[in-house]
Amino acid sequence: MNAARPYLAAFSSRFLLMLQYRAAAVAGFATQCWWGAIKVMIYAAFFAATPTAAAASPMTLPQVITYTWLAQALLALTPWSADPEVALSVRTGSVAYDRLRPVDTYSLWYVRGAAWMASRALPRAALMLLGAGLILPLIGLSDWAWRPPPTLAAAAAFAVSLPLALALSAAFLMIVNIIVAATLTDRGVNVLFNSLIIVFSGNLLPLALYPDWARTALLVQPFAGMMDIPLRLYVGQLSGTGALAGLGLQAFWTVALILLGRWAMDRVMRRLEVQGG
Amino acid sequence: MNSAALLLRYFSASLRSQLQYPGSAIMLGIGAFLTTIIDMLAAWALFDRFGQVQGWSLGHIAVFYGVVSTSFALTDFFTRGFDVFGNEFVKTGAFDRVLLRPRSPALQLIGYEFRLSRFGRLAQALLVLFVGAAVVGVDWSPDKVLLLAWTITGGVALFTGLLVLQASFAFWTTESLEVFNVLTYGGIQAAQFPLSLYAAWFRNFLIFVVPLGCVAYYPVLAILDQPDPLGAPAWWLPTAPAMGFVFLSLSFLAWRAGISRYTSTGS
Numbered sequence: 001m002n003a004a005r006p007y008l009a010a011f012s013s014r015f016l017l018m019l020q021y022r023a024a025a026v027a028g029f030a031t032q033c034w035w036g037a038i039k040v041m042i043y044a045a046f047f048a049a050t051p052t053a054a055a056a057s058p059m060t061l062p063q064v065i066t067y068t069w070l071a072q073a074l075l076a077l078t079p080w081s082a083d084p085e086v087a088l089s090v091r092t093g094s095v096a097y098d099r100l101r102p103v104d105t106y107s108l109w110y111v112r113g114a115a116w117m118a119s120r121a122l123p124r125a126a127l128m129l130l131g132a133g134l135i136l137p138l139i140g141l142s143d144w145a146w147r148p149p150p151t152l153a154a155a156a157a158f159a160v161s162l163p164l165a166l167a168l169s170a171a172f173l174m175i176v177n178i179i180v181a182a183t184l185t186d187r188g189v190n191v192l193f194n195s196l197i198i199v200f201s202g203n204l205l206p207l208a209l210y211p212d213w214a215r216t217a218l219l220v221q222p223f224a225g226m227m228d229i230p231l232r233l234y235v236g237q238l239s240g241t242g243a244l245a246g247l248g249l250q251a252f253w254t255v256a257l258i259l260l261g262r263w264a265m266d267r268v269m270r271r272l273e274v275q276g277g
Numbered sequence: 001m002n003s004a005a006l007l008l009r010y011f012s013a014s015l016r017s018q019l020q021y022p023g024s025a026i027m028l029g030i031g032a033f034l035t036t037i038i039d040m041l042a043a044w045a046l047f048d049r050f051g052q053v054q055g056w057s058l059g060h061i062a063v064f065y066g067v068v069s070t071s072f073a074l075t076d077f078f079t080r081g082f083d084v085f086g087n088e089f090v091k092t093g094a095f096d097r098v099l100l101r102p103r104s105p106a107l108q109l110i111g112y113e114f115r116l117s118r119f120g121r122l123a124q125a126l127l128v129l130f131v132g133a134a135v136v137g138v139d140w141s142p143d144k145v146l147l148l149a150w151t152i153t154g155g156v157a158l159f160t161g162l163l164v165l166q167a168s169f170a171f172w173t174t175e176s177l178e179v180f181n182v183l184t185y186g187g188i189q190a191a192q193f194p195l196s197l198y199a200a201w202f203r204n205f206l207i208f209v210v211p212l213g214c215v216a217y218y219p220v221l222a223i224l225d226q227p228d229p230l231g232a233p234a235w236w237l238p239t240a241p242a243m244g245f246v247f248l249s250l251s252f253l254a255w256r257a258g259i260s261r262y263t264s265t266g267s
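Chains as they are written, first to last, in my numbering: chain A, 1 to 277; chain B, 1 to 267.
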C-alpha cells in the first residue's frame with residue numbers, strides 16, 4: 001500500500017484541482033449538446049429515409065441516439081491532446097524535477113493523466129445525463145433521450161468497461177506525452193492524433209455504422225476500446241461472448257500500450273535534454 | 001496610404017514571416033487538408049448504409065458542404081485577429097495600442113495575420129464542391145458561376161460577422177469565448193445537410209438567428225435546380241445570401257457598442 005501512496009495522492013490532487021474549472025465544464029457541455037443534437041437529428045433522418053436499410057442496420061435508432069449522447073458526455077475521456085502539464089514541463093525544463101522525484105516517472109505521469117481526463121469527463125457527463133437523460137423525457141422528447149441500459153448484464157459490462165477505457169486512454173496519452181518529450185512540442189502530434197481519435201474511437205460515427213466489410217478491423221484497433229466498446233456494451237449491441245471479447249480487447253490494448261510506452265520512455269529519458277535554466 | 005494598400009502591406013508582412021518556416025507552413029497546410037477530409041467521412045458512411053435521405057445523395061451533400069466550407073476557409077484567412085481578440089488584445093491591454101493608431105481597429109485586426117495554412121482547407125472544400133457538382137451533374141452556366149460567387153461572398157460575410165461578434169463579446173467577458181466555435185465549426189457540420197432534415201426549432205435558428213441556411217441551403221438549391229421541399233418561393237433562393245451581409249452589419253453595431261464602452265485592463 002505504501003508504494004501506491006504517492007500515485008494515489010498525485011491522482012486525487014490533480015482530480016480535485018481540475019474539478020475547479022466549472023465554467024470550462026459548462027462551456028464544454030453547451031458545445032457537446034449542440035453537436036449531439038445535430039447528430040441525433042441527422043441519424044433520425046437517415047433511419048426514417050430507408051426503412052429496409054434501417055431494419056438491417058446493426059444498431060437501432062434508439063441505440064444510436066443513446067450512444068451519441070454518451071459519446072458526447074464522455075468526450076473528455078479520450079486522449080485528445082498531450083497532457084498540457086507534461087507539454088509545459090518539457091518546454092520549461094521542469095521535467096527535470098519529475099525525474100528527480102523518488103517515484104517512477106511513467107507511473108506518475110500515467111496517474112496524473114488519468115486524473116486529468118476523469119476529472120474533465122465527470123462534470124460534463126453529469127450535466128449531460130441531467131440534460132439528455134432526465135430533462136428531454138420530462139419535456140416530452142423521450143424519443144430523443146439518453147436511455148438506461150437495456151439489461152442488468154449490459155449495465156454490469158459497461159461498469160467494467162468504463163474504467164478499462166480510462167486505463168487504455170491514459171496508456172495512449174502516455175505515448176503522446178513521450179512523443180512530446182522527444183520532439184519538445186505538442187503542436188504537430190495533437191493535430192495528427194485528433195483526427196485519428198475522432199474517427200477510430202467512434203466519436204464521429206458509431207463504429208458499427210461504417211460499412212460492414214470494415215466491421216472487424218474497426219473493432220480490433222486500439223481506439224475502439226477508448227469509447228466505442230464501452231458504449232456498445234451500454235446499449236446492448238455487444239453482449240454475451242461479444243461482450244467478453246470487447247473487454248478482452250480493451251485489456252489487451254491497455255497492457256500492450258503500457259509496455260510500449262514504458263519501453264519508449266526509457267529510450268527517450270536516456271537522451272532527454274532539459275530545456276531552460 | 002489608403003486602406004487597401006495598407007492591408008496588402010500587412011498581409012505581405014504576415015506571409016513573409018510565415019514563410020520563414022516553410023516546413024511548418026507546408027505541414028500545417030497538408031494537416032488542414034487531411035483533417036477536413038474526415039468532415040465528409042461520416043456522411044459517406046451513412047449514405048453507404050442508407051442509400052439516400054429524403055431524396056438527397058452524397059453528391060448533393062458534397063455541394064452543400066463544399067460551399068459552406070469554402071466560405072469559412074476564405075474567412076479564416078483574414079479573421080485570426082478577431083478570433084484571438086479577447087485573449088491577445090483585451091486581456092493583455094494591447095488593444096490600447098490599436099486604438100492609438102490613426103486607423104480603424106477593424107482594419108488593424110484584419111491585418112493581424114494572414115493564415116497561409118488555410119489553403120489546405122480551401123483546397124479540400126473546393127475539391128469536394130466540384131467533385132460533388134460533377135457527380136450530380138451541375139451544368140456550370142455563367143449565371144450559376146455568378147450565383148456560386150455571390151453565395152460564397154454572402155457566406156464570407158456571415159462567418160466574418162460571427163467572428164466580429166465573438167470579438168465584441170470579449171469587451172464584456174475579457175476572454176475569447178470558445179463557445180463560438182459551435183457556430184463556426186459546428187455551423188459547417190450543420191449546414192452540410194439540407195435544412196429539411198432538421199427539427200423546426202433548429203431550422204428556424206439556422207434561418208432567423210444565425211442565417212447559415214441562407215448562405216448555404218437556399219442558394220445551393222438554386223444551383224442544384226431543386227425547388228425547396230419546405231416551400232420557400234423561387235425568388236428567395238438566390239436572394240438569401242444577402243442575409244449574410246445583414247448579419248455582418250448587425251455584428252459591427254455590436255462591435256461599435258463594445259468599443260465605446262471599452263475600458264483598458266491596464267498594465
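Hints listed in this document are in silico derivations from the structure and should not be mistaken for laboratory results.
All values derive from a computational prediction rather than experimental measurement.
It cannot be assumed that every hint is accurate.
Unchecked claim - Examples of chain B residues lying across from chain A (beta carbon under 7 angstroms, computed):
hint : residue
1    : Ile30
2    : Ala42
3    : Ala45
4    : Phe50
5    : Gln189
6    : Arg203
The beta carbon of each residue, even a glycine, is placed where N, CA and C say it ideally should be.
Right, here's what the structure says about each hint:
1. Ile30: violated, 10 angstroms
2. Ala42: holds, 4 angstroms
3. Ala45: holds, 5 angstroms
4. Phe50: holds, 5 angstroms
5. Gln189: holds, 6 angstroms
6. Arg203: violated, 10 angstroms
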